[in-house]
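So the protein lines, in turn, are chains A and W. Count along the first sequence from 1, then add 31; that gives the number in our numbering. Counted from 1, the second sequence has number 319 at position 327 by our numbering; the numbering is strictly sequential.
Not one of these hints is a red herring.
Restricting the straight-line Cα-Cα distance to at most 27 Å, the calculated cross-link-like pairs of lysine-lysine (DSS-like) are:
#1 Lys64/A / Lys112/A
#2 Lys139/W / Lys95/A
#3 Lys228/W / Lys112/A
#4 Lys159/A / Lys228/W
#5 Lys60/A / Lys278/A
#6 Lys139/W / Lys151/A
Because the hints were derived from the structure by calculation, they are not lab data.
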Amino acid sequence: MSNAPIGFESTDHPVLAIEDLTVSFDGFKAVDKLNLYVQRNEVRVVIGPNGAGKTTVLDLICGKTQATSGSIRFNNHELTKMSEHAIVRVGVGRKFQTPSIYENLSVFENLEMSFPRGRKVFGALTFKRTADVVARVESVAAEIFLDQHLYTQADLLSHGQKQWLEIGMLLMQEPELLMLDEPVAGMSVSEREKTAQLLGRISQGRSVVVIEHDMDFVKSIAHKVTVLHQGKILAEGSMDKVQSDPKVIDVYLGH
Amino acid sequence: MNAAYEKILGGRSGLAGLLILGVLLLVIFPLGLDIFRLNLVGKYLSYAFVAVGLVLCWGYGGILSLGQGVFFGVGGYCMAMFLKLEASDPISTKIQSTPGIPDFMDWNQITSLPAMWQPFHSFSFTVLAVLAVPTLLALVIGMAMFKRRVGDVYFSIVTQAIAAILSILIIGQQGLTGGVNGITDLKTLMGWDIRTDSAKMILYFVNAGLLFACILFGRYILTSKLGRLLMAMRDKEERVRFSGYDVASFKVFVFCVAAMFSAVGGAMFTLQVGFMSPSFVGIVPSIEMVIYAAVGGRMSLLGAVYGTLLVNFGKTYFSETFPELWLFLMGGLFIAVVMYFPNGLAGVYEKQGKRLMAKFSRKKMTPSEPVKPKAAAKPDSAGAHLDGANLEASK
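The shape of chain W in the complex, shown without the other chains (with noise of 0.2 Å):
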């Protein structure tokens, strides 16, 4: 049996569902839509990016965090400096005061390039900083939360007070960071024009890769031992503790991947969206991207794509149609997931699944053969249960 092809892809119900949502991502959409729609589809998943970290670290590490905005907003204002610094060049900001600085910057009075700007000059060093700068923000937060036992409620505070402090700041340090407007006008990537038709679709398709990518090592980890541990320090912390493991070092790892993966995301935004402001890093935000992992079901990594998607075409199709109801519309849909899907779009796959399978084989045997428990497959497979085959462990 080949390793891989269990462990990651899922076996045959893994692999079908990649398969569907690659043909929706990378077929459908791109074949199906304007570039103006793709575009906003190629947005909204980059917002995936972070549902899909949410999956690992709430609904497997049940660490809830409330602040992925900041992480996500890290990755992309990173993103956001390089490409504005690409954008300022002497020639184009030659009617500035101080030429081939960021115009913001000329607005306030800044007569040379800060410190913390000038390594963004390089892109390999962005890319490094994309990935790294807000992984090591998690590891902080996470070492100096976790390590002292803060846990549930209280974690989910302090991240919401996190992403409020940074928003505020960013606001606040106008000259640095473009204010309230965010850093806007940006234009190329290494020379190449960002802006135009062909540009767009690519970096849509170079999102989608990057989020299947994300998608891949998230089912490496959940089917790895360290995702059994998280899913048993979810509901037997001190069991897992007194076996000999530092609980705390999981928690920080499981989210530091998923701010990572929200960093990748933001900087994709940016990529895609031409902007970055603070409005994508607050407390709002960072609570609708915990909605859109809820929705779409937060045990499952392909749920919250869906999630992230049927969140935001309703808030685009509600918002377009009924501007003055809009907020109401979202609103109800949100209770109705929590009242009657606690396990969002997937729980409701699973169940209309587990009911049309029963119905197939209730021709095949008699009704009183007792179905056998999915954990009590070969010791092989046995940890290859993915997404949904969890989700009726986690009730």
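Chain A with its partners taken away, still in its complex shape (with noise of 0.2 Å):
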């Protein structure tokens, strides 16, 4: 799995390209001049200990957080000077740490809602429901294993439907670069193998930047593994190269 995509920076015009980004917060500085090429087709996995800046990296690129200098460009944007809404409409999804979804409405009505159309007041106001609309959010449904619970309520999904159906939500939105903070906390394992090789299929055609911390997972779906520490590259390479690293083995696998 880990063959394809490494190695390619200088041929290819990456998707993501993130130079010199600092964000501090009163002084403390969670990322300090961090660089970061993500490819098309390219899984990518940030992994690093508690505090390494992980998430704030994810927050900075989909608007979150404001940089304090630095540029994250994607394809022809420069998203720190673009607003959250913005950044999604030009092709960025991101899922949260915990599953973040509208509990009470159904599995439909959640994918529905990130249907790219009617995001405007007007636009919503009249927004129907066509059969093109139905279609997506079939297929969708079926991609994330919930096309038997198209009907059911989300708050009676289990945790790892929960989550699938954010990540549901995000392909609705077809993003270029999809970014997953820790995808599969509190699966089992049947689901994680699931989780994947969804993983696997939906990097087809875009860039996948995920957050997590279970090695295995991380093993079976990573291309390429950025380690993180104190806000800044510790490694960068293969699954392989990374764990054989002794900086990362002593601040991050070794204990």
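Using the hints, put the two chains back together into the complex; each one sits in its own frame.
Structure representation (structure tokens):
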């Protein structure tokens, strides 16, 4: 699995290019002069000890946190200067650490909410559930293993199913860059396997950035691993390379 | 299936609710009450516009505005300005030192009609102003607050401050607004005497008709994707934002709709009661209006109307029967509602209705049979659950 997309930065144009990114909270640099490039079709996993700045990096990309300095380029857009909804509309999807879904709506309605039409006030007022919406919802539901639960209220789903549902909501948006914060937290072993398959499938034609702690899961999905420590990159490369890096073992894997 | 029937009327149960309210307002009250009491009900129903607006912006949008009196007042003042100009023709004001201007201006040594009042000679301008001025005001407030992500309690405090500021401004600008007395002695609407019994009867029906129009428009909003977005925002604002929606614009929209409803109520209040004063603008009336919505059930458009009626009937009854105790009794009512019926009258109805339904269905099926959750209905009706149906989900 970890063969194809490694080592092509120089030849290909990266989808996401983070350069000299810094954010400081009251003088504390949560992310410090970070450089990170993600290619199309790549699944990049970001690992690191707690407080390394992993989630902050995702927050910065999706506009939730404002960068102090540096640039985040996504295709031809400078994301640091855009509002959150505009960033989503150019093709960046983000899943939160805890499943963030609309509990009192059905699976169908949850997915429909993310359908990229009727995103403005009057568009939403006149939005109609046409055949293409239904078809898209059904195909995404099949992809995230929830086609049998379309009309189940979302709060009745298991924890793992909720995680999938949120991934499905992102897929509805057809993002070019998908960011997942701990997608398999709280999942059973079989659910983890299915999620790994899912990620393998959905990374086709887009880029995926994943934050994860579960090393077996990381091994099964990562094309390339970035290790963050104190807001800086400690190591980057294939899983094998990173795992054998003495610095990584010292601050993260070894303990 | 008729889409409009499902969407706006809310299917059979939604239609039944509307019909019951319709019979109450359009048949029982006009037949059962004398014109004085009916006019009083009409006054209460003009407050119900505010409560219906609050259901949209507070109940569904999660925006608690404690300044809805501002919009009620601005709508009411716009109408009152038109009526006052009509009542101040040169002949009936010939004893003034400047005939042809409103009496309170004359008392304040103003000798010509201020520019702000000029366009209110036109009825069509007045109608436009009633609808547009409060809505634009809400737009400005909403943009300023929601674009900066001011929310929750801070928003409530700011709206309350605005209500206080506006009422102080109105009282201070006596020559322009009639000060603390307000604009009084309103007589005719384009030559039609609004003080007669028949006029009061007609205005009552116009008022009720407009209230139904607002309720139906509210249902149209709530059953659209926008309605689902509002509820989604209330619970998971970040998720909505990171699904590509500009959350602020939706909040601004629903706040503007609530303001417009309030303004229509204010204008109808002026027409039915015959005056407008700053006592309907400030903090106390604004909070009272929130209480109407709370008593009725903040998730129910129809409940808001019942809540308004109940609180105001209570107010009238207690103040007539127990002049010394009535404020305490009203206070007790509010405390009881907040403590025991957090979803208001509509919540009680929903609970009791459910119990009755369960009693009936127990005879038909085995008790262990699971009850199908509401949201699990077919896709084309999934968005159509209204009012009470969402109460459960909101708990």
